[in-house]
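Undergrad: Sequence:
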Amino acid sequence: MSQPDIFEKVKKIVADQLSVDAAQVVPQANFANDLGADSLDTVELVMALEEEFEIEIPDEAAEKITTVQEAVDYINKKVAASTT
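Just so we're aligned, residue 820 is where the sequence shown starts under our numbering, counting upward by one.
Derived from the structure by calculation, the hints contain no laboratory data. Note that the structure is a prediction, hence the values are computed from the model and not measured. The C-beta atom is built at its ideal place from N, Cα and C for all residues, glycine as well. Any given hint could be a false lead.
Computed beta-carbon distance windows for the label pairs [to be verified]: (1) 840 to 879: 27 to 35 Å; (2) 880 to 902: 29 to 37 Å; (3) 900 to 842: 30 to 38 Å; (4) 840 to 901: 15 to 23 Å.
Model the full assembly from the supplied sequences, consistent with the hints where possible.
TA: Laid out in structure tokens, this is it:
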């Protein structure tokens, strides 16, 4: 799966989970500051990403994922690692 494909899936999940317009979900958008996510939203978002991409995101990694691009980069690494 290519990074643009991952971004599009992440974008849809973030828009759905946080009830924001997909146009607001840009790579540099911060989940809390730009998209209004609280801690519960963040947990639910991580769970949705884990389910969609069939990966596990440990709590310590999830805490470091604060922007859309960081989520895409993390998922890209996990997906690439699982296919090798």
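Undergrad: In this structure, is the beta-carbon distance linking residue 840 and residue 879 contained in 27 to 35 Å?
TA: This hint holds: roughly 31 Å between Cβ atoms.
Undergrad: For the pair residue 900 and residue 842, does the Cβ-Cβ distance stay inside 30 to 38 Å?
TA: Distance hint for residue 900, residue 842 holds at roughly 31 Å.
Undergrad: For residue 880 and residue 902, compare the CB-CB distance with the range 29 to 37 Å and indicate the outcome.
TA: Between residue 880 and residue 902, where Cβ atoms are some 19 Å apart, the hint is violated.
Undergrad: If you check the beta carbons of residue 840 and residue 901, does the distance land in 15 to 23 Å?
TA: violated (32 Å)
Checked against the numbered hints above, the structure violates hints 2, 4; every other hint is satisfied.
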